[in-house]
Each structure stands twice: as C-alpha cells, then as structure tokens.
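Those protein sequence lines, which keep their order, are chains E and V.
Here the first sequence stands for residues 1 to 75, where the numbers follow our numbering.
Here the second sequence stands for residues 1 to 148, where the numbers follow our numbering.
Source of the hints: derived by calculation from the structure; they are not laboratory data.
Please note that the accuracy of each hint is not assured.
[As the list claims (entries may be wrong)] Pairwise CB distance ranges, derived in the manner of DEER restraints:
{"no.": "1", "chain 1": "V", "residue 1": "Pro130", "chain 2": "E", "residue 2": "Leu53", "range": "31 to 37 Å"}
{"no.": "2", "chain 1": "E", "residue 1": "Gly17", "chain 2": "V", "residue 2": "Thr71", "range": "30 to 36 Å"}
{"no.": "3", "chain 1": "E", "residue 1": "Asn19", "chain 2": "V", "residue 2": "Leu141", "range": "16 to 22 Å"}
{"no.": "4", "chain 1": "E", "residue 1": "Leu53", "chain 2": "V", "residue 2": "Glu68", "range": "33 to 39 Å"}
{"no.": "5", "chain 1": "V", "residue 1": "Ala138", "chain 2": "E", "residue 2": "Gly67", "range": "44 to 50 Å"}
{"no.": "6", "chain 1": "E", "residue 1": "Gly17", "chain 2": "V", "residue 2": "Ser57", "range": "40 to 46 Å"}
{"no.": "7", "chain 1": "E", "residue 1": "Val69", "chain 2": "V", "residue 2": "Ser67", "range": "17 to 23 Å"}
[To be verified] Computed cross-link-like contacts, DSS-like style, restricted to lysine-lysine with a CA-CA straight-line distance of at most 30 Å:
{"no.": "8", "chain 1": "E", "residue 1": "Lys59", "chain 2": "E", "residue 2": "Lys16"}
{"no.": "9", "chain 1": "V", "residue 1": "Lys139", "chain 2": "E", "residue 2": "Lys32"}
{"no.": "10", "chain 1": "V", "residue 1": "Lys146", "chain 2": "E", "residue 2": "Lys32"}
Virtual Cβ for every residue (Gly too), placed ideally from N, Cα, C.
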Amino acid sequence: MEHKGEPIEQILERYKGQNAFVVIEVLSVDPKTQKPLTGRVIAVTPDETEAGLAARKAKHFLIRWVGEVAEVIIV
Amino acid sequence: MPTIPFDASRRVILVRAIAHAIDGRPAELNVLVDTGAGRTGFRRSTLIGLGIDVDASEQTIRLNTASESLTVPVVNLPILRVFGVDFLNMPVLCLPLPPTVPADGVLGFDVLSRFWLFVNYKRGLLVAEPFGGFLSGAKFLWQVAKAM
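Please take these sequences and the hints and turn them into a complete structure.
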C-alpha cells in the first residue's frame with residue numbers, strides 16, 4: 001500500500017517556533033499544480049549542512065525553516 | 001506558467017521553483033525575485049541536498065552587495081525550473097542567507113533577463129513569459145491585461 005504521509009502544512013505547524021530546518025520527503029503532489037501535498041519528516045536540525053545531507057536521502061524533498069522569520073531587506 | 005500569485009503583504013516577491021539533482025531528484029524551492037541581484041543563488045542546505053559539494057567548488061566569486069563584500073562558491077546546478085522554463089547546468093552562487101530569511105534562494109538577472117516581467121504589487125500578481133517571438137509577446141500582453 002502506498003504511504004501518503006502527512007499534510008506538509010500540518011508538519012510545519014507542529015515544528016513551528018523551533019528555530020530549525022525541517023527536512024521533508026515529499027510523498028504526494030497535487031496532480032494539477034504539482035505542488036507538494038504530503039510528506040514525512042527526515043530531519044529537524046538548526047545546521048544547514050546537516051539539513052542538506054539529510055535531504056540527500058529523499059527522492060523528492062523540501063527544506064523549510066521553522067522559527068523566527070525576519071522581514072527581508074536585501075540591499 | 002505566465003501569471004504567478006504572490007503574497008504582497010510579505011513585502012517581497014516569493015515564488016516557487018524546482019531544482020533537480022544530477023540523479024533527477026527534485027527539490028521544492030521558495031525563491032525571491034530580486035531585480036537588484038546580478039546572479040542567482042541558493043542556500044547551502046539546498047545545494048548540498050541536491051548532491052552538490054559546495055566546499056569542493058573550484059570557482060568562487062567576489063560578491064559585492066550594498067552592505068558588504070564576501071567570497072562565495074559558484075557551483076553548477078543540473079536543472080533549475082523557473083516559471084515553466086528549464087535552465088540546464090546553470091552556474092549559481094552558494095549564498096549565506098540567514099535562516100530567518102524565508103527563502104531558499106534568490107533569482108537574479110541571469111534568470112530574470114530571459115523573461116518579460118510585469119508585477120502588480122497591489123493584486124500580488126507576477127506575469128512572467130519567456131522571450132520567444134511574436135506569439136509569446138502577445139501571450140504576455142494578454143496576461144498583463146488580465147493582471148491589471
């Protein structure tokens with residue numbers, strides 16, 4: 001049976017505020033838009049290199065920061 | 001993919017892109033559209049996740065921003081899909097973006113200059129159409145009219 005995982009928004013909400021990168025393997029996408037729908041957590045770490053290395057284990061991945069978000073001012 | 005909605009309340013244009021590793025594995029990215037940036041670049045975590053060894057890069061570039069100057073690695077990204085267009089073996093920068101910046105990277109001039117672009121900040125709509133002759137020009141104008 002195909003494992004469909006958990007809604008990605010739900011995963012990110014669960015880890016919200018932890019000041020870490022959450023590495024998620026995408027398990028299903030919207031057939032129309034191809035946007036990720038569900039996935040499973042591979043790693044939760046504040047270290048970018050660790051997050052990247054963990055993502056290498058996934059067939060399809062995304063990495064999201066769950067923590068303080070700054071207003072973006074790039075000059 | 002000519003018209004892309006974005007959340008204007010975030011005061012940045014954040015759009016979706018997809019990068020592929022050499023073995024074809026895709027990564028879902030949120031990237032900033034930055035018309036002030038000369039080059040496209042991505043976070044270290046994203047590039048490492050795609051199987052790229054950023055520390056072994058033989059090429060670096062001196063990056064000058066309005067606030068600082070720093071040296072960053074340049075690596076080749078196998079495939080980058082932006083606004084429905086694939087960029088192959090594209091040299092990109094490894095950017096030290098702070099974690100609190102809610103983006104995996106920045107789209108700069110090297111990518112954006114391949115498109116007609118129109119932004120309606122009030123409605124939060126970006127129209128992007130790759131250059132490609134009369135037909136794509138007409139498509140672009142039609143989408144701009146709808147996004148006004």
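Now for the hints, and whether the structure bears them out:
Remark: the range hint 31 to 37 Å for V:Pro130 to E:Leu53 is upheld by a beta-carbon distance near 34 Å. Taken as a hint, the range 30 to 36 Å holds for the pair E:Gly17 and V:Thr71, whose Cβ atoms sit roughly 34 Å apart. Range check, E:Asn19 to V:Leu141: Cβ separation about 45 Å, and the 16 to 22 Å hint is violated. For the hinted restraint 33 to 39 Å between E:Leu53 and V:Glu68, the CB-CB distance of approximately 28 Å leaves it violated.
Range check, V:Ala138 to E:Gly67: about 45 Å between beta-carbon atoms, so the 44 to 50 Å window is met. Between E:Gly17 and V:Ser57 the Cβ separation comes to about 34 Å, which falls outside the hinted range of 40 to 46 Å. Between E:Val69 and V:Ser67 the Cβ separation comes to about 20 Å, which falls inside the hinted range of 17 to 23 Å. Proximity of E:Lys59 to E:Lys16 is assessed by CA-CA distance (about 24 Å); at most 30 Å being required, the pair is judged to hold.
For the proposed pair V:Lys139 and E:Lys32, the alpha carbon gap of about 21 Å is at most 30 Å, so the pair holds. Under the criterion of a C-alpha separation no larger than 30 Å, the hint pairing V:Lys146 with E:Lys32 is consistent with the structure, at around 22 Å.
Hints 3, 4 and 6 from the list above are not met by this structure, while the remaining hints are.
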